[in-house]
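Protein chains in written order, with this note's numbering: chain C, 732 to 803; chain Z, 2 to 180.
For the record, the hints were derived by calculation from the structure and aren't laboratory data. Glycine residues also receive a C-beta, built at the ideal position from the N, C-alpha and C atoms.
When the alpha-carbon atoms are kept at most 30 Å apart in a straight line, the in silico DSSO-like pairs for lysine-lysine are as follows:
(1) Z/Lys26 x C/Lys797
(2) Z/Lys26 x C/Lys756
(3) C/Lys742 x Z/Lys20
(4) Z/Lys5 x C/Lys742
Only part of the chain C face toward chain Z is listed, based on derived beta-carbon distances under 10 Å:
(5) Asn733
(6) Lys738
(7) Ile746
(8) Glu763
(9) Asp768
(10) Ile770
(11) Phe782
(12) Ile784
(13) Glu787
(14) Glu789
(15) Val795
(16) Asn801
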Amino acid sequence: MNIDVVKIDNKDYYIVNQLSIDSKKYVFLVNEKDNKDIIIRKIIKENDKEFLIGLENEKEFDLVMKEYINKN
Amino acid sequence: MINKNDLEVIKKNSIGNNKKSEYSKQTKNISKKTLSILLAVILSLSITACTEIDTTKEIFYPYSEITDIDYSEVNEYINDNTYELLMILKENNIDLNGNSTVEDYKKIKELSEDDLIVLCFSLGTKECEKIVQAFGYENWDEFLIQNNYTNIKGKPDFTQWQVSEYRKINKIMNEEKTK
Numbered sequence: 732m733n734i735d736v737v738k739i740d741n742k743d744y745y746i747v748n749q750l751s752i753d754s755k756k757y758v759f760l761v762n763e764k765d766n767k768d769i770i771i772r773k774i775i776k777e778n779d780k781e782f783l784i785g786l787e788n789e790k791e792f793d794l795v796m797k798e799y800i801n802k803n
Numbered sequence: 002m003i004n005k006n007d008l009e010v011i012k013k014n015s016i017g018n019n020k021k022s023e024y025s026k027q028t029k030n031i032s033k034k035t036l037s038i039l040l041a042v043i044l045s046l047s048i049t050a051c052t053e054i055d056t057t058k059e060i061f062y063p064y065s066e067i068t069d070i071d072y073s074e075v076n077e078y079i080n081d082n083t084y085e086l087l088m089i090l091k092e093n094n095i096d097l098n099g100n101s102t103v104e105d106y107k108k109i110k111e112l113s114e115d116d117l118i119v120l121c122f123s124l125g126t127k128e129c130e131k132i133v134q135a136f137g138y139e140n141w142d143e144f145l146i147q148n149n150y151t152n153i154k155g156k157p158d159f160t161q162w163q164v165s166e167y168r169k170i171n172k173i174m175n176e177e178k179t180k
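Bound-form chain Z, shown alone (with noise of 0.2 Å):
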């Protein structure tokens, strides 16, 4: 998991240094392995910075507060179910850079929404609202709201979506432990 003081050294490593390197890719083939590493980093390092970073607090809920979730089985479910979701998406001729269109989306009949929450940090949320938008809603709001996912004031809260999520994810995790 990325921490605290990892974050400090993302922020140093990333400000200040005005040496120019050319943007020129290359693309390397990749194991399950490193993709699930990758996708871990994202996503600790998306929830570390929901705690750290001063700007967000206001706006996003605050994860600190949340103490029964344990993300390091989040972790392990994401990376678990990642690849094989990825390769559904291939297999269905979907570009992974966000060039599919949500008709394409609509012709997969293995994706459900208890997918979206993994596919999310795989494609990123502006990507999988096209998914959200082949299951027949408008967009991220409508699925929010539909499902009751919404604060006091009734307006989509997409967070309080991912905590219930997680939970789930939470839930499902040890139900296989007990098995």
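Bound-form chain C, shown alone (with noise of 0.2 Å):
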């Protein structure tokens, strides 16, 4: 079975997870080493180039929260 995978940091985290909001996405992420090291990203675009930044404040962590509940 095949995963895709990350890097942030230097450490490897699976994408277990990806949504969209109102046409923001944001990915699930857990730690290959370490499976209680999850953390949740936004994507952003910039030039062309795809990032990923934290999240911009706990409405928002609640929000996707909430619609991963819905998906889930």
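Using the hints, put the two standalone chains together into the complex.
What follows is the structure in structure tokens.
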């Protein structure tokens, strides 16, 4: 079985979920070596390149989690 | 299982990090065991979030009030069955990234409605709706109404179906133990 992986701070994270809210995209990531190390990142586009950044605040986190629950 | 404290750590680690990382994906092959672990993470994160995220409390069924379900057994069942079901999808040329159609799912003979709860966790409810449609329903709402998963107002209730499926899983697991 294949899965997409992305590198953050030299650590490999499995992409376990991707969702969109109002044209914003988010990914749920699980550290390859520590399944308790879970982070959510927002995908942004700059100069045709995509980057991952942290969420802005608790409100955005709750919004993303609500959508995650809906989806799962 | 992911608990309330873990969820707080996830929140802390997800907010306020403005350091950009390039979104450059690689593909890795994972074992059945790793897949099981990741699915357990998805399941337990979903269950914990249902009880802990304030904004969901008005919308979602109060999982914390359901005390008869053994979620570790639900976890175990989903883990045990996911790999086999995903293999069936792959053998039938289903694109696991969501690009397959209802017609593609209709060609699969090995799936039944009992598999939906497991597939929901691995594919998500949106993709799973294609399977629901392949079974002949118009959408999730029609599936829920036809199977009597409705609230007191007669509206389709997805969570009622989930809870019912979890109870069925617990029953199956208990029956297997007593064999």
